[in-house]
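*Asks:* Each chain, written out:
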Amino acid sequence: MYSEKVLEHFRNPRNVGKIENPDGVGKVGNPVCGDVMVMYLKIKDNVIEDAKFETFGCGAAIATSSMATELIKGKTIEEALSVTNKAVAEALGGLPPHKMHCSVLAEEAIQAAINDYLQRQNHGNGKA
Amino acid sequence: MYSEKVLEHFRNPRNVGKIENPDGVGKVGNPVCGDVMVMYLKIKDNVIEDAKFETFGCGAAIATSSMATELIKGKTIEEALSVTNKAVAEALGGLPPHKMHCSVLAEEAIQAAINDYLQRQNHGNGKA
Amino acid sequence: MIYLDYNATSPCHPKVIETMLPFFGEKFGNPSSLHTMGQEAKKAIEESRAAIARCISAREEEIIFTSGGTEANNLAIRGVVKAYQKKGNHLITSQIEHHAVLNVFKALEKEGFTVTYLPVNQEGLVDPGDFQKAITPQTIFASIMHANNETGVIQPIEELASIAKEHGIIFHTDAVQTAGKLPIDLGKLPVDLLSASAHKFYGPKGTGFLYVRKGVRLIPQLLGGAHERGRRGGTENVPLIVGMGKALEICTQEQEEENQRIQALRDFLESGILAEVPEVIIVGRRSPRLSNTSLVLVRYVEGESMLLNLDFAGICVSSGSACTSGSLEPSHVLLACGYPHEIAHGSVRFSLGKWNTMEEMKEVVRVFSSIVEKLRHISPFGKEVIRNV
Amino acid sequence: MIYLDYNATSPCHPKVIETMLPFFGEKFGNPSSLHTMGQEAKKAIEESRAAIARCISAREEEIIFTSGGTEANNLAIRGVVKAYQKKGNHLITSQIEHHAVLNVFKALEKEGFTVTYLPVNQEGLVDPGDFQKAITPQTIFASIMHANNETGVIQPIEELASIAKEHGIIFHTDAVQTAGKLPIDLGKLPVDLLSASAHKFYGPKGTGFLYVRKGVRLIPQLLGGAHERGRRGGTENVPLIVGMGKALEICTQEQEEENQRIQALRDFLESGILAEVPEVIIVGRRSPRLSNTSLVLVRYVEGESMLLNLDFAGICVSSGSACTSGSLEPSHVLLACGYPHEIAHGSVRFSLGKWNTMEEMKEVVRVFSSIVEKLRHISPFGKEVIRNV
Ligand SMILES: Cc1ncc(COP(=O)(O)O)c(C=O)c1O
Ligand SMILES: Cc1ncc(COP(=O)(O)O)c(C=O)c1O
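Protein chains in written order, with our numbering: chain A, 1 to 128; chain B, 129 to 256; chain C, 257 to 645; chain D, 646 to 1034.
Isolated chain A (complex conformation) (with noise of 0.2 Å):
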């Protein structure tokens, strides 16, 4: 059902874990729904320098987060945002129909993080 690829990052997820002191968390998902996924940034100079997440959820929920930051790690925030959830599902080599609400959800993650992390700046606690 999953491709090779899903089942790799399913299985050595990158990038698993929290930031200390992120400059933009984004939270997605409900676990009523059987997905969450927190995704944690650093960020310097609009550029992405780490990228972290913690999820809940299925084998595809686990690999569209890992292959999330991977696309995102050393890109500018503007690259980033324009990752789409079929860049995601694509990377992976693809995913079965019913699954790729999970690449949706990465979408939404990276999405929610740099908010978080634009409205900081906004609010001035941004770190410049």
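Just so you know, these hints were derived from the structure itself, not from any lab. For glycine and all other residues, C-beta sits at the position ideal for the given N, C-alpha and C. There's no promise every hint is true.
Unchecked claim - Below, a list of computed lysine-lysine pairs in the DSS-like style, where the Cα atoms sit at most 27 Å apart:
#	chain 1	residue 1	chain 2	residue 2
1	D	660	C	610
2	D	755	C	362
3	C	618	D	660
4	D	810	D	751
5	C	343	D	727
6	A	73	D	1019
7	D	859	D	1028
8	D	672	A	5
9	B	180	B	214
10	D	732	C	338
11	D	687	C	342
12	B	155	C	630
13	C	470	C	299
14	D	732	C	362
15	C	338	D	755
16	D	660	C	271
17	B	214	D	687
18	D	1028	A	18
19	A	44	A	75
20	C	343	D	810
21	D	731	C	366
22	D	732	A	18
23	C	283	D	660
24	C	299	D	999
25	D	727	C	342
26	C	630	B	146
To be verified - Going by beta-carbon spacing under 8 Å, a handful of chain C positions derived as facing chain D:
#	residue
27	281
28	323
29	363
30	367
31	461
32	478
33	481
34	493
To be verified - Computed footprint of chain A on chain D, listed as stretches where at least three residues anywhere in the stretch have a Cβ under 8 Å from a Cβ of chain A:
#	stretch
35	949–958
36	981–993
Since the structure of chain A is already known, use the hints to place chains B, C and D with the ligands on it.
*Replies:* For chains B, C and D with the ligands alone, kept in the frame of chain A given last:
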């Protein structure tokens, strides 16, 4: 589906054929229904000296014809008239439910042949 | 043992058995299970689906696995009729369909649908003109079999399906007797649904498939898990499905050659019977026919008694169709062809297959003519015939 | 490979394969055929029917062969409801039935019937008091499963069926998970219909049976030839039917011993998991349960991710039921038991069988606890738990 005995009588039917100058002939059934039995009797002193048959029909029809002729040979008319379809079927070790009508046909053939004999008697064309 | 009842059922091809075997034991996973064992089974049935789709030029998602031809027919007819019933209540079929089609239509009649049962001519053929005339604005569905199981007569399905298409009528064909035996190209043949059953083409009993053209709606009939894309519930019978795919591949590959070989045997058999046995009729002989089937009507004797005598001699045949063996009625197919009851009662169906030989045909002609002679001797009818022999 | 998904499906017993094998090849006749080949096949399926009848203390004519549990359930429910619909339009079932039961009731609701779906308590049990209360003068039919496929919880069928009997309600039980595993004595158990599926008891996939008590009317659902005394059309899948009979015989003979052995393994597994993995719940543990089933709820992690990690380690299990594996909803059974969604998402079902060993159980406990630890490390929830380990 058929008992050994049915198959045996079907395979080697007894008393096949016509009797020349019979004392009674009974023809029952209908080719449209797939079963026709003709029974020929030779009767002397109220006793069935010989019985033969010709049958168009299935395995059960031929086997019951054969058995019916066997059962009545040497019997008195009264005894022959009391041979029921059940007796024919039982003598054959039973018949499948949807083939019981063949035993009924055999009973009817006996009765028709004897009635023919009795009628000929009454009309004075019997040979006494 | 000389087996001439291939239209009733066929043995599994040895390669089919070989292919199925591991799936009963080691590879026994449930295709719905997510673990390796399950996914291995899933892959196996999807490969079979792909093989079947290739053999009939269909798409994989157009194939629904069923428990056989009967279920495929039931699902096709009831499934489509229930899906389209708002569009009309008139249905068309023929008088010579298998009971797995006829009895569904009869049930639908009781539920308020109107059904036209098209007649056939004495050669066993449905007339496309009759079909055209039967169509009303209320007609939503038609089902005409590809080839008849008793006579082997092949219906003008392409023409019938085209007429249906012109009128926006969903068209199903029961191809249980043709799948594996005739080329089926659903890229060209404009039927919407097609039924097949593995045990008629050297696959296992208890599995079959329904082809449903993309876009045709179908109300599922067996409700359960989301198997077969929600169109047929029930754990897939993996070994049998795998066996069916293999069987259809083999038959498709060997088809032309086998048909030629078998037709030569069948034609020899028929010539032999016609030469040796007086007063016989071979049904549908001037129609396009399956190359393996020969339905012989023998006057003055009854079918079962011939069948049993042939069986005593180690020759397996049917009288009419196997399914009506418990019935007293003569074949509805022969009656539809216009044969009177007394003649229809005297039918023997020879249906040939992969493992028949010319020696067997010679033996059958010899044995059959002596059986007919014996039975005609017992029969009150047709004595003149026997005496002339 | 450690297989712990026997409730999803089981491999055929080697003796079952051996018994089936000749019927794919040499003994391939169609049971409807009158010739020797056909009658040999007929005899074989009738012997299987007799064996099955013996195993469950039924009469032979009360057994209808089907293509599996799904078809048996569909036939039981739709067949009886349609036969008795003039008597009333209210039906009763439970919220924890298999989809092969639930979805039939849902379809019947659309056709105008009223259905009561009985709740269960947290232990997964239907309350006979609830059943009694649900009955109305309109109630004609009830279907409550014998044991649940996910939890293994055994329902008070005898009591439920007796209540149904008192009220003149036809009672069906889906015994797909119990046939072969629990004693079934239809001389005593007052159910009217009972479904079973061979592949759950070391028989082949694609065959099952429905027991229908003498006198209970049933409208056939698969229409075709006069097979199964006119109650189920379609050429009988002879090898599978023969295999099913053999499988049920073996299971019945070995039942007591096997149940003891398997329960010891299951209990060891459960103790191990409870000892090694914090914050887990074993569902239905205080109810009568199948001795082979253990449904474990693990907080803070999701079921599929445990299943896949177990699979990487060569351990096959299910999360919820195999049939809903394509769905995003957590198990309807767990929701019915009252578990909140977030907990219900974290289920793993271990279901044991004939070939499991104590060594395997030890391995599973070890692997499982490390998997849960790993996944909890990835999870945003329950960190305290992990840190306490
Ligand atoms: C033309 C035709 N349709 C349908 C069927 C039913 O197929 P099955 O026996 O696989 O259910 C048969 C054979 O029995 C058949 O010959
Ligand atoms: C309780 C229960 N009922 C019915 C079924 C359906 O049986 P089958 O898969 O043989 O159609 C299953 C298993 O899939 C089951 O566990």
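*Asks:* Now tell me, hint by hint, if it's right for this structure.
*Replies:* Against the structure, the hints come out as follows:
Distance restraint check for residue 660 of chain D and residue 610 of chain C: the Cα-Cα separation of roughly 30 Å exceeds the 27 Å cut-off, and the hinted pair is therefore not satisfied. Taking the CA atoms of residue 755 of chain D and residue 362 of chain C, the gap is about 23 Å. The hint holds against a cut of 27 Å. Simply put, residue 618 of chain C and residue 660 of chain D have alpha-carbon atoms about 41 Å apart, too far for the 27 Å limit, and the pair is violated. Between the alpha carbons of residue 810 of chain D and residue 751 of chain D the distance comes to roughly 24 Å, so the proposed pair stays at or under 27 Å and holds.
Among the hinted pairs, residue 343 of chain C with residue 727 of chain D is consistent with the structure: their alpha-carbon atoms are about 25 Å apart, no more than 27 Å. Our distance criterion of 27 Å between C-alpha atoms is met by residue 73 of chain A and residue 1019 of chain D, whose separation comes to about 24 Å. Restraint check for residue 859 of chain D and residue 1028 of chain D: not satisfied, since their Cα atoms lie roughly 60 Å apart, outside the 27 Å limit. The hinted pair formed by residue 672 of chain D and residue 5 of chain A fails the criterion: a straight-line CA distance of about 48 Å is larger than 27 Å.
Under the criterion of a C-alpha separation no larger than 27 Å, the hint pairing residue 180 of chain B with residue 214 of chain B is consistent with the structure, at around 20 Å. Pair hint residue 732 of chain D plus residue 338 of chain C holds up; C-alpha atoms about 25 Å apart against a cutoff of 27 Å. Of the pairs offered as hints, the one joining residue 687 of chain D and residue 342 of chain C is violated, with about 43 Å between alpha carbons and a cut-off of 27 Å exceeded. Under the criterion of a C-alpha separation no larger than 27 Å, the hint pairing residue 155 of chain B with residue 630 of chain C is consistent with the structure, at around 21 Å.
Using a Cα cut-off of 27 Å, the hinted pair residue 470 of chain C and residue 299 of chain C holds, with the two alpha carbons roughly 22 Å apart. Between residue 732 of chain D and residue 362 of chain C, the direct Cα distance comes to roughly 24 Å. Compliance with the 27 Å bound is thereby established for this hinted pair. Between residue 338 of chain C and residue 755 of chain D the CA atoms are separated by roughly 13 Å; this keeps the pair inside 27 Å, and the hint holds. Pair hint residue 660 of chain D plus residue 271 of chain C holds up; C-alpha atoms about 22 Å apart against a cutoff of 27 Å.
At most 27 Å may separate the alpha-carbon atoms for a hinted pair to count; residue 214 of chain B and residue 687 of chain D meet this at roughly 26 Å. Note on residue 1028 of chain D and residue 18 of chain A: the hinted pairing holds, with a Cα-Cα distance of about 11 Å set against a maximum of 27 Å. For a cut-off of 27 Å, the pair hint linking residue 44 of chain A to residue 75 of chain A stands: about 11 Å separates their Cα positions. Restraint check for residue 343 of chain C and residue 810 of chain D: the C-alpha separation of about 43 Å exceeds 27 Å, so the hint is violated.
Straight-line distance between C-alpha atoms of residue 731 of chain D and residue 366 of chain C comes to about 16 Å, which keeps the hinted pair within the 27 Å bound. Our distance criterion of 27 Å between C-alpha atoms is broken by residue 732 of chain D and residue 18 of chain A, whose separation comes to about 64 Å. As the CA atoms of residue 283 of chain C and residue 660 of chain D are separated by approximately 16 Å, the hinted pair is consistent with the 27 Å bound. Taking the CA atoms of residue 299 of chain C and residue 999 of chain D, the gap is about 26 Å. The hint holds against a cut of 27 Å.
As the CA atoms of residue 727 of chain D and residue 342 of chain C are separated by approximately 22 Å, the hinted pair is consistent with the 27 Å bound. Distance hint between residue 630 of chain C and residue 146 of chain B is fulfilled; the C-alpha atoms sit about 15 Å from each other, no more than 27 Å. Here the hint on residue 281 of chain C is kept, as its CB sits about 6 Å from the closest CB of chain D, short of 8 Å. At about 3 Å, the closest approach between the beta carbon of residue 323 of chain C and any beta carbon in chain D falls short of 8 Å, and the interface hint on this residue holds.
Contact between residue 363 of chain C and chain D, as hinted, is supported at the beta carbon level, the nearest pair being about 6 Å apart and thus within 8 Å. The closest approach between the C-beta of residue 367 of chain C and any C-beta of chain D is roughly 11 Å, which is over the 8 Å cut-off, so the hint fails. The criterion of a C-beta within 8 Å of any C-beta in chain D is met by residue 461 of chain C, whose closest approach is roughly 4 Å, and the hint holds. About 5 Å separates the beta-carbon of residue 478 of chain C from the nearest beta-carbon of chain D, less than 8 Å, and the hint is met.
Given hint, residue 481 of chain C at the interface with chain D, holds; its Cβ is 3 Å from that chain's nearest Cβ, closer than 8 Å. This hint holds: residue 493 of chain C has a C-beta 3 Å from the nearest C-beta of chain D, less than the 8 Å allowed. Here's how the stretch 949–958 of chain D fares: 5 of its residues keep a CB closer than 8 Å to some CB of chain A, so the rule of at least three is met and the hint holds. As drawn, the stretch 981–993 of chain D meets chain A at 4 residues by the rule of a beta-carbon pair under 8 Å; at three or more, the given contact holds.
Of the numbered hints listed earlier, those contradicted by the structure are 1, 3, 7, 8, 11, 20, 22 and 30.
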